[in-house]
Amino acid sequence: MAANSTSSATPLLVSRGISKQFSGVEVLSDVDLDLMPGEIHALLGENGAGKSTFAKILAGVYRPTRGTLTMNGAPVEAYSPIHAQRLGITLIHQEPISFPDLSVAENLVLGHERGSLLGRVHWAGMERRANELMDMLGIRIDVTRPMRGLSIADQQMVEIARALVGDSRLIIMDEPTAPLTPKEVETLFGIARKLRDEGRTIIFISHRLEEVQALCDRATVFRDGNLVDTVNVADVSDDDIIRLMIGRSLKEYLHKQRTTIGDVALKVENLTLPGVFSDISFDVHKGEIVGVGGLVGAGRTDVARALFGVEPAATGKIHVNGSEVAIGDPSTAIDLGLAFVPEDRAVAGIFSSLSVEKNISAAVPGKITSGGIIRRALEHAVASDSVKKLRIRLASLQQPIGELSGGNQQKAILARWLLTDPSVLILDEPTRGIDIGVKAEFYDMIGELAAGGRAILLISSELPELLALCDRVLVMSEGRLTANFDRSEATQESIMQAAVPRSADQEVAA
Amino acid sequence: MNTISKIFLRREAGIFVMIVLFCLAVGAFKPQFLTLQSLRIVLLLVPLILIGAMGQMLVLVARHVDLSIGSTLGFSAMVVGMMFKYYPEIWWPLGFLVAIGVGAGLGLFNGFLITLFRLPAIIVTLGTLNLYRGLTYIISNAKQIDRQYVPSELKAMSQTSPIFGIPWIIFMIIAIALLTYWFAMHTRVGRQIFALGSNPVAAQLRGINVSKITLLVFALSGALAGLAGIMYASRWGFVNPSNTGSGFEFQVIAAVVIGGVSINGGVGTVLGTVLGVLLLGCVSSALPLLGIPGTTQNAIYGAVIIIALLIDRGVRQRAIKTISAKA
Numbered sequence: 078m079a080a081n082s083t084s085s086a087t088p089l090l091v092s093r094g095i096s097k098q099f100s101g102v103e104v105l106s107d108v109d110l111d112l113m114p115g116e117i118h119a120l121l122g123e124n125g126a127g128k129s130t131f132a133k134i135l136a137g138v139y140r141p142t143r144g145t146l147t148m149n150g151a152p153v154e155a156y157s158p159i160h161a162q163r164l165g166i167t168l169i170h171q172e173p174i175s176f177p178d179l180s181v182a183e184n185l186v187l188g189h190e191r192g193s194l195l196g197r198v199h200w201a202g203m204e205r206r207a208n209e210l211m212d213m214l215g216i217r218i219d220v221t222r223p224m225r226g227l228s229i230a231d232q233q234m235v236e237i238a239r240a241l242v243g244d245s246r247l248i249i250m251d252e253p254t255a256p257l258t259p260k261e262v263e264t265l266f267g268i269a270r271k272l273r274d275e276g277r278t279i280i281f282i283s284h285r286l287e288e289v290q291a292l293c294d295r296a297t298v299f300r301d302g303n304l305v306d307t308v309n310v311a312d313v314s315d316d317d318i319i320r321l322m323i324g325r326s327l328k329e330y331l332h333k334q335r336t337t338i339g340d341v342a343l344k345v346e347n348l349t350l351p352g353v354f355s356d357i358s359f360d361v362h363k364g365e366i367v368g369v370g371g372l373v374g375a376g377r378t379d380v381a382r383a384l385f386g387v388e389p390a391a392t393g394k395i396h397v398n399g400s401e402v403a404i405g406d407p408s409t410a411i412d413l414g415l416a417f418v419p420e421d422r423a424v425a426g427i428f429s430s431l432s433v434e435k436n437i438s439a440a441v442p443g444k445i446t447s448g449g450i451i452r453r454a455l456e457h458a459v460a461s462d463s464v465k466k467l468r469i470r471l472a473s474l475q476q477p478i479g480e481l482s483g484g485n486q487q488k489a490i491l492a493r494w495l496l497t498d499p500s501v502l503i504l505d506e507p508t509r510g511i512d513i514g515v516k517a518e519f520y521d522m523i524g525e526l527a528a529g530g531r532a533i534l535l536i537s538s539e540l541p542e543l544l545a546l547c548d549r550v551l552v553m554s555e556g557r558l559t560a561n562f563d564r565s566e567a568t569q570e571s572i573m574q575a576a577v578p579r580s581a582d583q584e585v586a587a
Numbered sequence: 002m003n004t005i006s007k008i009f010l011r012r013e014a015g016i017f018v019m020i021v022l023f024c025l026a027v028g029a030f031k032p033q034f035l036t037l038q039s040l041r042i043v044l045l046l047v048p049l050i051l052i053g054a055m056g057q058m059l060v061l062v063a064r065h066v067d068l069s070i071g072s073t074l075g076f077s078a079m080v081v082g083m084m085f086k087y088y089p090e091i092w093w094p095l096g097f098l099v100a101i102g103v104g105a106g107l108g109l110f111n112g113f114l115i116t117l118f119r120l121p122a123i124i125v126t127l128g129t130l131n132l133y134r135g136l137t138y139i140i141s142n143a144k145q146i147d148r149q150y151v152p153s154e155l156k157a158m159s160q161t162s163p164i165f166g167i168p169w170i171i172f173m174i175i176a177i178a179l180l181t182y183w184f185a186m187h188t189r190v191g192r193q194i195f196a197l198g199s200n201p202v203a204a205q206l207r208g209i210n211v212s213k214i215t216l217l218v219f220a221l222s223g224a225l226a227g228l229a230g231i232m233y234a235s236r237w238g239f240v241n242p243s244n245t246g247s248g249f250e251f252q253v254i255a256a257v258v259i260g261g262v263s264i265n266g267g268v269g270t271v272l273g274t275v276l277g278v279l280l281l282g283c284v285s286s287a288l289p290l291l292g293i294p295g296t297t298q299n300a301i302y303g304a305v306i307i308i309a310l311l312i313d314r315g316v317r318q319r320a321i322k323t324i325s326a327k328a
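Keeping their order, the protein sequence lines are chains A and B.
Under my numbering, the residue at position 228 of the first sequence is numbered 305, and the numbers go up by one with no gaps.
Under my numbering, the residue at position 224 of the second sequence is numbered 225, and the numbers go up by one with no gaps.
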């Protein structure tokens, strides 16, 4: 099949009204999209926009709540990853899932064989076949070596070769280039083009716009779970795409009240954790809200964890309220007046089966004990006071916290940390997964806390949130601080520009 | 193949060198250790361990562990012993079928608990280690099956020889090792065991039936323990409810781990396991010769396992270093 004969061809895969809900929240609504044979199609959008959810539905990882998929005219049903693979749809993970102790050749064929379980494994034939595939893709990997020890790039190549063993017609690459060097990216692109020219369809998910420009034929942009537009990449500029990605209106009510900014509460100099983040310097004053923007995986959470002593940085200095400190573990951080509300409350924040009051009082054993013994009455008083202040909605203080809504759980955790009377409060994605009403309350609360003289570091992937709440916005990209905007300079476009990774040597953009 | 086995080959070569060095060192003090006679002693010490080790290797490769094999051995041996005692007219080779069948049944029970209720193998088989031993007491009324009940043809298997003065049992374990090799390396299901142990999540994504494979490795481990049970009766001529198979799991796991089978799953070879068994056999036959009392033997086994694990870890870390050096 010739390349780019997309106009006349019939679509390979047709998506109609594909929607997905997770526990009642719609994360993807009514996606209509035709994927043509022989095209490289980019899926773009901010984190949480729905592009990965859509890709996972195609690959059989998720089952859509509504809508239909049709492949080559036949409806796709009874979905599972294996089923999708048999239909010719393969998802290439960013960090491929493989069998590290088995040889490359075995990794290629495992799961594709048919027949009896006691059937013989023909090592020679298997290795010959594997070598043919590698030659076809123009990759030089010894197929008899174990998978363990292959670079991520080579592992991806093996995954792609695996897709060819099953003769996949649709190959989905989920942010494949993030862990690759520019040279490896170039090889990957060569292979992607080759597969396209054979008439296969490639879905390419990436945050790097210049890669989309260099590689893709068409691009579909998602925002807030909706398909915004599908464009021919040749007809649009980076700026057009960025506008499509973020173009939502600013919520009017989100304006932070002016507060007096005091002395420096937290000062960070050249904080570095090799391979994770490097050379991070900034400060946060009393009464100030400093936002940290960037894409997921940019290293923002890692910096927060380092500040709180969860995984301390290797080098660099931290000053709290004017004196240099060494924070080696969270209890030191708490003693210094730091508080950290982590991103994933289910994993890192709540003791889900314990009562709300025990969750709230967990960080302040000193306030609820006398003589080293927990006094139920003190615990109750402390917790009910917080519940009133933060307007936490619950049936009873004895209720397990896991039964509360996401927003109220988040408030309870915030309550826990406010009890420690922190001078520096680090919030990591505090409003993720909470509905809009509670969000607004949260914004008010954060504003009040700053007005009360606390220094607040707010990590958020939601641009309107950063713009509305913060006095300054830092932006991280690939482990580095790429911008430090004043309130007046920060716009959605400027933050996005600083957040999107750009390879230093523009080899790819050719 | 040649490159895959490079790392493991090094490991196996390492065990081989350890065996040679150990024998030479012991021989320097006690020259009689380096005679055919003592080789014979070693070879008669290891068959039961080797039979159990083939099963345990597959279990460890699948990222599980089977602690119950000592009691599985004891129970199967007791069932067969009682059969010989109460039905002496029965055709004696049927004993093999019964022992292997009973062992496989107990192994399957382990497997069911592990797959059906998603319980960790280490806890399940620790439980059945006691359960099966207890059942052995119950069915036997805590009484031993004495020599006169064990068929003399069965006992002969561990002593008489078809050729070169090598007893039948040695040919049997060679056959078992070769069969296990073929099964592990050249059947699809064998490779699926390695895949499962190497990455259970990926195994599921590739459509490997994880429960089926888990059941299979435990059934095989039990069946081989059952075979070891009847061979115990052959070798020692009696079955005792408390001694038979007691501590067997410990020797087997020691041998398998020394042989380079990774407790993290996915890695293990028949050759390495056989060498591990031989090294353990050499150690246990040398100890009495060196005047080390039997009471010290357990401590030495324990030390040998830990040393083997440390070597395993060292090899792994070197592998990780070379990987990150490349990246």
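Derived from the structure by calculation, the hints contain no laboratory data.
One thing to keep in mind: the hints can contain errors.
As the list claims (entries may be wrong) - Chain A is nowhere near these chain B residues, computed Cβ spacing over 12 Å in every case:
1) TRP169
2) GLY191
3) ASN200
4) ALA204
5) ILE209
6) GLY267
Claimed, not checked - Computed beta-carbon distance windows for the label pairs:
7) A/HIS160 to B/GLY106: 31 to 41 Å
8) B/LEU35 to A/ARG206: 46 to 56 Å
9) B/VAL211 to A/ARG93: 33 to 43 Å
10) A/HIS160 to B/ILE175: 36 to 46 Å
11) A/ARG143 to B/ARG119: 24 to 34 Å
12) A/SER429 to B/ILE175: 50 to 60 Å
13) A/SER429 to B/GLY128: 57 to 67 Å
14) B/ARG119 to A/THR392: 50 to 60 Å
15) A/ARG217 to B/PRO121: 39 to 49 Å
16) B/ARG119 to A/GLU480: 39 to 49 Å
C-beta atoms are modelled at their ideal positions from N, C-alpha and C, and glycine is treated no differently.
Hint by hint, here is what the structure shows:
1. TRP169: Given that every Cβ of chain A is farther than 12 Å from that of B/TRP169, nearest at about 27 Å, it holds.
2. GLY191: violated (8 Å)
3. ASN200: Violated, because the least Cβ-Cβ distance between B/ASN200 and chain A comes to about 5 Å, which does not exceed 12 Å.
4. ALA204: Violated, because the least Cβ-Cβ distance between B/ALA204 and chain A comes to about 8 Å, which does not exceed 12 Å.
5. ILE209: At about 7 Å from chain A, B/ILE209 fails to clear the 12 Å cut-off, so the statement is violated.
6. GLY267: Given a closest Cβ separation of 4 Å, the condition is violated.
7. A/HIS160 to B/GLY106: 31 to 41 Å: At 35 Å between Cβs, range holds.
8. B/LEU35 to A/ARG206: 46 to 56 Å: holds (49 Å)
9. B/VAL211 to A/ARG93: 33 to 43 Å: holds (35 Å)
10. A/HIS160 to B/ILE175: 36 to 46 Å: Roughly 45 Å apart at Cβ, these two residues keep to the hinted range, so it holds.
11. A/ARG143 to B/ARG119: 24 to 34 Å: Roughly 32 Å apart at Cβ, these two residues keep to the hinted range, so it holds.
12. A/SER429 to B/ILE175: 50 to 60 Å: Hint holds: Cβ distance 56 Å, inside 50 to 60 Å.
13. A/SER429 to B/GLY128: 57 to 67 Å: violated (29 Å)
14. B/ARG119 to A/THR392: 50 to 60 Å: At 44 Å between Cβs, range violated.
15. A/ARG217 to B/PRO121: 39 to 49 Å: Given range 39 to 49 Å: holds, Cβ gap about 42 Å.
16. B/ARG119 to A/GLU480: 39 to 49 Å: violated (25 Å)
When the structure is compared with the earlier hints, violations turn up for hints 2, 3, 4, 5, 6, 13, 14 and 16 and for no others.
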